[in-house]
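When you get a sec, could you build the whole thing from the sequences and use the hints?
Line by line, the protein sequences are chains A and B.
Residue 1 is where the first sequence starts when you use the working numbering, and the numbers rise one by one after that.
Residue 1 is where the second sequence starts when you use the working numbering, and the numbers rise one by one after that.
For the record, the hints were derived by calculation from the structure and aren't laboratory data.
Any given hint might turn out to be false.
Residues from chain B that face chain A, not an exhaustive set, calculated with beta carbons under 7 Å [what the hints assert, rightly or not]:
(1) 4
(2) 6
(3) 11
(4) 14
(5) 205
(6) 209
(7) 217
(8) 227
(9) 228
(10) 231
(11) 237
(12) 240
(13) 306
(14) 307
(15) 311
Backbone N, C-alpha and C fix where the C-beta goes; we use that ideal spot for every residue, glycine too.
Chain by chain, the residues:
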Amino acid sequence: MSEEILRVEGLGIDFGGLTAVNNLNMTIEKGKIAGLIGPNGAGKTTVFNMLTKVYQPTRGTIYLNGEDITKKTTIEVCKAGIARTFQNIRLFDKLSVIDNVVIGMHNSLEYTTLDGIFKTRKYKKAEKEAYEKAMDLLKIFSLEDDADTPAGSLPYGKQRRLEILRALATNPSLLLLDEPAAGMNPSETKDLMETISKIRDRFDISILLIEHDMKLVMGICEKITVLNYGMVLASGTPEDIQNNPDVIKAYLGGE
Amino acid sequence: MANIKDKIKNIYKKKNSGVMSYTIVIGLYLVMEILMKTGNLTNLIKSLLVPCVCYIIVAVALNLCVGLSGELSLGHAGFMSIGAFTSVVVSGTLEEVITNDILRLVIAVIAAALVASIIGYLVSIPVLKLEGDYLAIVTLAFGQIIKSIIGNIYLGIDEKGFQFSFIEDTTKISENGKMLISGPTGATGISRISTFTAAVVLCIIALIIVYHLINSKDGRAIMAARDNRIASLSVGINVTRTKTLAFVMSVMLAGAAGAIYGLNYSSISPAKFDFNQSILILVYVVLGGLGNINGTIIAATLLYILPEMLRSLADYRMLIYALILIVIMLVTNNDKLKNRINELLRRKKKHE
Numbered sequence: 001m002s003e004e005i006l007r008v009e010g011l012g013i014d015f016g017g018l019t020a021v022n023n024l025n026m027t028i029e030k031g032k033i034a035g036l037i038g039p040n041g042a043g044k045t046t047v048f049n050m051l052t053k054v055y056q057p058t059r060g061t062i063y064l065n066g067e068d069i070t071k072k073t074t075i076e077v078c079k080a081g082i083a084r085t086f087q088n089i090r091l092f093d094k095l096s097v098i099d100n101v102v103i104g105m106h107n108s109l110e111y112t113t114l115d116g117i118f119k120t121r122k123y124k125k126a127e128k129e130a131y132e133k134a135m136d137l138l139k140i141f142s143l144e145d146d147a148d149t150p151a152g153s154l155p156y157g158k159q160r161r162l163e164i165l166r167a168l169a170t171n172p173s174l175l176l177l178d179e180p181a182a183g184m185n186p187s188e189t190k191d192l193m194e195t196i197s198k199i200r201d202r203f204d205i206s207i208l209l210i211e212h213d214m215k216l217v218m219g220i221c222e223k224i225t226v227l228n229y230g231m232v233l234a235s236g237t238p239e240d241i242q243n244n245p246d247v248i249k250a251y252l253g254g255e
Numbered sequence: 001m002a003n004i005k006d007k008i009k010n011i012y013k014k015k016n017s018g019v020m021s022y023t024i025v026i027g028l029y030l031v032m033e034i035l036m037k038t039g040n041l042t043n044l045i046k047s048l049l050v051p052c053v054c055y056i057i058v059a060v061a062l063n064l065c066v067g068l069s070g071e072l073s074l075g076h077a078g079f080m081s082i083g084a085f086t087s088v089v090v091s092g093t094l095e096e097v098i099t100n101d102i103l104r105l106v107i108a109v110i111a112a113a114l115v116a117s118i119i120g121y122l123v124s125i126p127v128l129k130l131e132g133d134y135l136a137i138v139t140l141a142f143g144q145i146i147k148s149i150i151g152n153i154y155l156g157i158d159e160k161g162f163q164f165s166f167i168e169d170t171t172k173i174s175e176n177g178k179m180l181i182s183g184p185t186g187a188t189g190i191s192r193i194s195t196f197t198a199a200v201v202l203c204i205i206a207l208i209i210v211y212h213l214i215n216s217k218d219g220r221a222i223m224a225a226r227d228n229r230i231a232s233l234s235v236g237i238n239v240t241r242t243k244t245l246a247f248v249m250s251v252m253l254a255g256a257a258g259a260i261y262g263l264n265y266s267s268i269s270p271a272k273f274d275f276n277q278s279i280l281i282l283v284y285v286v287l288g289g290l291g292n293i294n295g296t297i298i299a300a301t302l303l304y305i306l307p308e309m310l311r312s313l314a315d316y317r318m319l320i321y322a323l324i325l326i327v328i329m330l331v332t333n334n335d336k337l338k339n340r341i342n343e344l345l346r347r348k349k350k351h352e
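As structure tokens, this is what we get:
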């Protein structure tokens with residue numbers, strides 16, 4: 001058995017009296033692409049928010065690479081190696097496309113505020129390297145020609161891709177993608193699928209994605225977890241999930 | 001590979017390194033100096049030069065806070081006031097020790113910037129936990145508190161050293177000593193060591209600091225935190241730290257500008273730095289364009305000079321000033337008007 005990058009044990013969160021997610025157990029192996037699916041309101045995004053500590057889980061533990069990260073803050077989780085995108089795109093709209101990516105490298109730029117104000121050699125070197133690296137990243141999604149347009153004026157599909165690049169710039173070991181294909185047409189989705197696999201191979205990272213597009217999920221995920229009403233309904237390979245009667249019932253309804 | 005390098009170079013070129021701002025300030029400085037040397041400036045204009053540059057600096061500083069960091073502060077006049085009175089005390093104390101005016105001015109400005117940034121940091125701890133309107137209200141209150149505190153300080157110096165009292169004047173300064181701050185009257189008998197050149201030098205330094213900050217990772221983080229807080233956290237940006245940095249930098253520059261401002265008059269009273277003053281500076285920033293430093297410089301210059309030019313209108317002065325502000329606001333925010341102007345420009349180009 002290969003190494004685990006993420007292990008979640010008994011994770012749960014209550015909002016007042018409402019239990020949004022309960023007793024979630026999940027593991028992701030290193031270098032794998034995993035999927036998190038479920039009907040609307042099942043708690044998928046809430047799981048992402050707990051993993052990145054936007055919400056503090058009420059119960060349970062999260063291990064990243066064997067290290068307990070349950071008590072860490074959003075910033076510390078990012079430094080530990082989890083990066084994410086958002087369902088409703090959250091870019092830095094007024095900043096340029098390349099600056100959005102460079103901001104992702106914020107913590108890997110090793111110069112101080114004073115270095116910046118005095119424009120020391122350290123600052124110049126780090127900035128130059130950062131912009132070169134950002135340009136390299138932009139090439140993944142062929143965004144290099146948009147490098148200096150404000151992120152907010154990009155078309156929707158490109159904004160989604162830029163958000164993935166910004167997440168990659170933080171140098172993560174686990175990438176969380178929240179509906180990366182939302183609003184894309186079938187051919188765009190196909191491109192995206194290929195790129196996601198390419199990203200995994202090139203950066204040697206693991207990916208967990210939430211997606212409603214079953215073609216994409218079944219196509220690239222090696223393991224799928226199905227959530228319903230905040231609980232794990234099923235988990236396994238795409239074939240297992242497709243043939244699981246509970247999952248079919250949850251999606252299509254009926255007895 | 002060369003292609004990529006060219007592209008990056010282009011991006012670097014398009015980055016706002018502030019050449020335009022430096023040009024405007026130095027240009028204004030040279031024009032004014034030439035006019036002064038040739039004796040073409042009235043005394044009124046001469047007396048406006050230093051305060052005008054001070055307001056430019058404070059407006060640029062406030063733009064860092066409001067435009068780039070997105071935190072509405074209504075208390076910057078208070079920090080200017082801290083700077084002004086700190087510099088007056090420092091300069092007054094050192095008057096006999098350091099006879100070189102320039103050196104004393106530099107020390108006073110640095111002290112003012114330090115005191116303002118320390119108080120700014122302390123204020124930022126509770127203040128930056130708030131957002132939007134609440135932040136505006138609290139900074140407004142801080143501005144008023146600073147005004148009231150300084151208005152009740154009695155500080156004097158004689159051969160026995162400093163003497164301090166609060167609310168009531170119980171200091172007994174001997175004949176050889178002098179009062180540095182005397183409550184609501186403020187400071188009097190200040191030796192006026194500020195010069196137009198010193199103000200412009202500080203302005204250039206302030207611009208360098210702001211532009212270099214904008215183009216560093218901290219500047220990007222400040223703007224990122226403004227555009228999207230949650231996304232900033234998710235890429236590991238310490239939002240509280242960046243917001244504090246922007247606020248402290250901003251009040252530090254306001255304090256330094258206040259120092260030059262204070263040492264330009266023979267007397268200043270704390271009442272001068274009231275709420276209206278803060279609003280006035282905010283008006284410069286808003287009309288100049290949030291985040292637009294060139295605009296801020298131009299707006300601060302014009303809007304500071306304008307009411308002085310309108311003095312001949314006596315009582316109608318502020319009325320006309322307000323009307324002009326409203327018209328500018330309407331014109332710059334009216335899309336129809338903007339489109340029409342653009343169309344006219346386009347037609348003109350076609351004709352050419």
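Original post:
Which of the numbered hints are not met once you compare them with the structure shown?
Top reply: 2, 5, 12, 13, 14 and 15
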